[in-house]
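**Student:** Taken in sequence, the protein lines are chains A and B. For the first sequence, position 43 matches number 40 in our numbering, and the numbering has no gaps at all. For the second sequence, position 100 matches number 97 in our numbering, and the numbering has no gaps at all.
Calculated from the structure, these hints are not laboratory results. It cannot be assumed that every hint is accurate.
The list makes no distinction among identical chains, and a pair is therefore deemed to hold if it is satisfied within one copy or across any two copies.
Lysine-lysine pairs mimicking DSS-like chemistry, simulated, CA-CA at most 30 Å apart [unchecked claim]:
id, residue 1, residue 2
1, K47, K152
2, K207, K42
3, K207, K152
4, K152, K42
5, K152, K115
6, K207, K115
7, K207, K47
Bear in mind the structure is a predicted one, so any value in this text is a computation, not a measurement.
2 protein chains.
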Amino acid sequence: MSLCRFTRLTDNVEKFRKMNLMTNPIQIHDIISSRRSPVAFSDRKIEPEKIAGLFEAARWAPSSYNEQPWRFIYAVRENLPQFTAMLDCLVEANRIWARNAYLLVLSIARMVLSRDGKPNRYAFHDVGLAVGNLIAQASSMGLMVHQMGGYSTDKARDVLAIPREFEPVAMIAIGYPGNIDELPEDLRRRELQPRVRRDLSEIVFENIWKG
Amino acid sequence: MSLCRFTRLTDNVEKFRKMNLMTNPIQIHDIISSRRSPVAFSDRKIEPEKIAGLFEAARWAPSSYNEQPWRFIYAVRENLPQFTAMLDCLVEANRIWARNAYLLVLSIARMVLSRDGKPNRYAFHDVGLAVGNLIAQASSMGLMVHQMGGYSTDKARDVLAIPREFEPVAMIAIGYPGNIDELPEDLRRRELQPRVRRDLSEIVFENIWKG
Chain A
-2 MSLCRFTRLT DNVEKFRKMN LMTNPIQIHD IISSRRSPVA FSDRKIEPEK IAGLFEAARW
58 APSSYNEQPW RFIYAVRENL PQFTAMLDCL VEANRIWARN AYLLVLSIAR MVLSRDGKPN
118 RYAFHDVGLA VGNLIAQASS MGLMVHQMGG YSTDKARDVL AIPREFEPVA MIAIGYPGNI
178 DELPEDLRRR ELQPRVRRDL SEIVFENIWK G
Chain B
-2 MSLCRFTRLT DNVEKFRKMN LMTNPIQIHD IISSRRSPVA FSDRKIEPEK IAGLFEAARW
58 APSSYNEQPW RFIYAVRENL PQFTAMLDCL VEANRIWARN AYLLVLSIAR MVLSRDGKPN
118 RYAFHDVGLA VGNLIAQASS MGLMVHQMGG YSTDKARDVL AIPREFEPVA MIAIGYPGNI
178 DELPEDLRRR ELQPRVRRDL SEIVFENIWK G
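Could you build the full structure based on these sequences and the hints that come with them?
**Tutor:** Okay, here's the thing in structure tokens:
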């Protein structure tokens, strides 16, 4: 990633050149730049006040009509039957590493608005905002978060008794970072891969769509 | 909001009591606790490198299959024709305050997966995660963010030339905080209202749904 892409977008090339940003990465906050979705988790217990902090951060996210469509069910590993019930909803490829996380969370969306019972266009979007807060809070406390779409929503709904107007969104594994060298070789390779993203020029346009 | 609600959930009441958290709010990071969606914006220009930082933060959000379904179109106020084109998509109730923001952004979701063209269940969710990063980055740089669902998606699609497989998500006003006393009385009252959220006991359940 380089700033070259962005300068083209902003038409502020001269300004950027002067600031010598062409050769430097764009600065973003540590909480965001240090985040990744790991498969290596430590068996260290997460302190109860940190668990509370995760959900408190999620709670203060913004939402359309302040509907707050987010709900969360969680289980800690020391509570083994409940933890295993959630773990068993995952596909095998996720289960092999997620079982090492201390905390499993299911994010859930209320699909209708409280005010009129109509579909909430922003239900999933606003759950994403809340989980974004949760992840930022986790990073600030030294915790790692890995979300998964690879699980049975039907099984989760059934096992966790989720009502009809709510929809399971993502399974989330949370824990302290683990030792990469203790991973099986295929997971170890995966963990060491660099993170990749589209260039800014592909995702940000000034004034009008440029496709 | 008090911790009482959460202690009931976690069954860690004794631990919480000892830590004397019953009378203290749950600690969360300043970036999250200081965020709000204001209607008072300053006319101060946002530095180009900060604009770059907003999108760079969004860019590094996690997403399902690393699809990165987020796209952004933005206009700065000094570029008046384009800024006005975006402003005119808003409903009047939003336009009266959003026009004071220095930066308008439309978040956009790609609704199908690159890998197979099938619907992306997490399109809106992952745009929410990216905007969550953008908001956290904004807070860390002293900027305020206010998202709006109150705008014409049809008009935005038309004016900004958004392709069919993409969907406009939210209009986002961004700027430095403004002087509340310069707001019209109704907006001033709105700005001074305390933020409210559901209690943790309504949104977080241990082990199984409790409704």
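**Student:** Next step is simple, just say for each hint if it's right about the structure.
**Tutor:** Hints, one by one, checked against the model:
no.: 1; hint: K47 - K152; verdict: within (28 Å within a copy, 44 Å between copies)
no.: 2; hint: K207 - K42; verdict: between (48 Å within a copy, 25 Å between copies)
no.: 3; hint: K207 - K152; verdict: between (42 Å within a copy, 17 Å between copies)
no.: 4; hint: K152 - K42; verdict: within (27 Å within a copy, 51 Å between copies)
no.: 5; hint: K152 - K115; verdict: both (26 Å within a copy, 23 Å between copies)
no.: 6; hint: K207 - K115; verdict: between (34 Å within a copy, 23 Å between copies)
no.: 7; hint: K207 - K47; verdict: between (43 Å within a copy, 22 Å between copies)
Taken one by one, the earlier hints all hold for this structure without exception.
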